[in-house]
Each structure stands twice: as structure tokens, then as C-alpha cells.
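Enquirer: Sequence:
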Amino acid sequence: MNDSEIVELYWERSENAIAETSKKYSRYCYYISYNILHNNEDANECVNDTYLRAWNAIPPRRPDCLSSFLGKITRNLSLDRYKQYAAKKRGLGQTELVLSELEDCISGTSDIEQRIDEMVLVENINKFLVALPKINRIVFVRRYWYLSTTKEIAEQYKMSESKVKSMLFRTRNELKKHFEKGGIIL
Numbered sequence: 006m007n008d009s010e011i012v013e014l015y016w017e018r019s020e021n022a023i024a025e026t027s028k029k030y031s032r033y034c035y036y037i038s039y040n041i042l043h044n045n046e047d048a049n050e051c052v053n054d055t056y057l058r059a060w061n062a063i064p065p066r067r068p069d070c071l072s073s074f075l076g077k078i079t080r081n082l083s084l085d086r087y088k089q090y091a092a093k094k095r096g097l098g099q100t101e102l103v104l105s106e107l108e109d110c111i112s113g114t115s116d117i118e119q120r121i122d123e124m125v126l127v128e129n130i131n132k133f134l135v136a137l138p139k140i141n142r143i144v145f146v147r148r149y150w151y152l153s154t155t156k157e158i159a160e161q162y163k164m165s166e167s168k169v170k171s172m173l174f175r176t177r178n179e180l181k182k183h184f185e186k187g188g189i190i191l
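6 is the number of the first residue of the sequence shown in the working numbering; add one for each residue after it.
Rather than coming from a laboratory, the hints here were simulated on the basis of the structure.
Take the hints with a grain of salt, since some may be wrong.
[What the hints assert, rightly or not] Simulated restraints, written as ranges between beta carbons of each label pair: (1) E20 - K168: 41 to 49 Å; (2) L126 - A62: 36 to 44 Å; (3) E20 - E128: 36 to 44 Å; (4) D69 - H43: 16 to 24 Å; (5) N21 - N178: 42 to 50 Å; (6) P64 - S27: 14 to 22 Å.
As the structure is a prediction and not an experimental result, all values here were calculated from the model.
Where a beta carbon is used, it is the ideal one built from N, C-alpha and C, also for glycine.
Using the sequences and the accompanying hints, generate a full structural model.
Expert: Have a look at this one:
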């Protein structure tokens with residue numbers, strides 16, 4: 006079943022919408038959530054919560070890209086759950102590491118996720134990403150959107166882990182310069 010048919014099921018308020026969403030996107034949503042939380046049970050709960058959020062959001066919304074819509078919901082739910090753990094001093098490692106890496110180019114904020122979601126930053130980040138060479142863009146998005154480890158990225162794209170780290174370091178520096186050039190002071 007294609008995405009527009011699934012969205013139509015939501016608009017019809019058919020319970021099959023969730024079943025079809027799960028069939029097509031459960032692994033995708035789980036991957037996003039697990040990379041943030043590193044806990045099977047919590048990742049599965051976030052995926053199920055994603056379906057509920059989608060059910061409540063469609064209608065009135067009609068997402069252009071269902072995978073991105075679901076991915077963003079899953080990511081936000083997982084980051085919220087991560088913040089709850091962090092507040093309880095249960096650090097999960099990878100997520101904190103990714104956020105600390107981004108602090109170098111987006112400094113001066115105590116809540117990076119909230120700042121990134123602001124429209125001006127999103128627009129500038131998208132402009133920046135479009136201008137990157139394809140492999141740099143893919144590696145950057147895999148690391149900072151999907152929270153893949155540098156080892157996973159290196160294995161998937163057949164490069165050394167040090168090359169991935171170097172690419173990410175350079176890309177973060179370019180992003181910082183892009184922000185400064187655009188007059189965005191963070």
C-alpha cells in the first residue's frame with residue numbers, strides 16, 4: 006500500500022491505517038528510536054506512541070511525505086524519553102555524544118533539539134545540506150538525524166571510521182561558518 010492510500014485511511018478514520026503504517030514503517034521508526042534510546046522496550050513504546058500521534062494528527066494534517074512525518078514524530082518522542090532518562094541520571098551515551106558534537110557549531114543553548122526545530126535554523130540547515138556533496142550530506146544526516154554511530158556509517162559506506170569522523174568534523178565546521186556567514190549567532 007502506498008503512502009497516499011495509508012494517509013487516506015487515516016482521513017477515513019479506519020483502524021487499518023495503523024496496521025498498514027506499522028507494516029510499512031515499523032522497522033524505520035524502530036531504527037530511529039533505538040538509536041536514541043538503546044533500549045528495545047522503550048523504542049517499541051515510542052514506535053507505538055508514534056502511531057497514536059499520527060492518528061491524532063491526521064486529519065487535520067495531510068503529510069506530503071509520510072516517512073518523514075513519522076520519522077520526525079518518532080525522533081521527537083524518543084528525544085523526549087531520552088531527556089527523561091537524562092534527568093534521572095541514566096545517560097545513554099550515543100545521543101549525548103551526538104548532541105555534544107553539535108554544540109560546537111550550535112553553542113549557547115541548553116536545549117539543542119528545541120533550537121534546531123526553530124524555523125530559521127531548519128531553513129538554514131536545509132540550505133547548507135543541499136549545497137554539500139552527496140556523500141557528505143548522507144553521512145551528516147545519518148549521524149545527526151538517525152544517530153547512527155560512526156562505525157555503522159563507515160561499514161555501510163565502505164570507508165574507515167576515521168574518514169567518517171574527519172568528514173563530520175569538517176562538515177560541522179562548515180555548518181558553523183555557514184551560520185556565521187548568514188548572520189546567525191548562536
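Enquirer: Could you run down the list of hints and mark each one as holding or not?
Expert: Hints, verified against the model:
As the Cβ distance of E20 to K168 is approximately 47 Å, the hint placing it in 41 to 49 Å holds. The beta-carbon spacing between L126 and A62, approximately 23 Å, falls outside the hinted interval of 36 to 44 Å. As the Cβ distance of E20 to E128 is approximately 37 Å, the hint placing it in 36 to 44 Å holds. Taking 16 to 24 Å as the suggested C-beta distance range, the pair D69 and H43 does not conform, at roughly 31 Å.
A hinted range of 42 to 50 Å holds for the C-beta pair N21 and N178, which are about 48 Å apart. For the pair P64 and S27, the beta carbons lie near 19 Å from each other, so the given range of 14 to 22 Å is met.
Checked against the numbered hints given earlier, the structure breaks hints 2 and 4 and satisfies all the rest.
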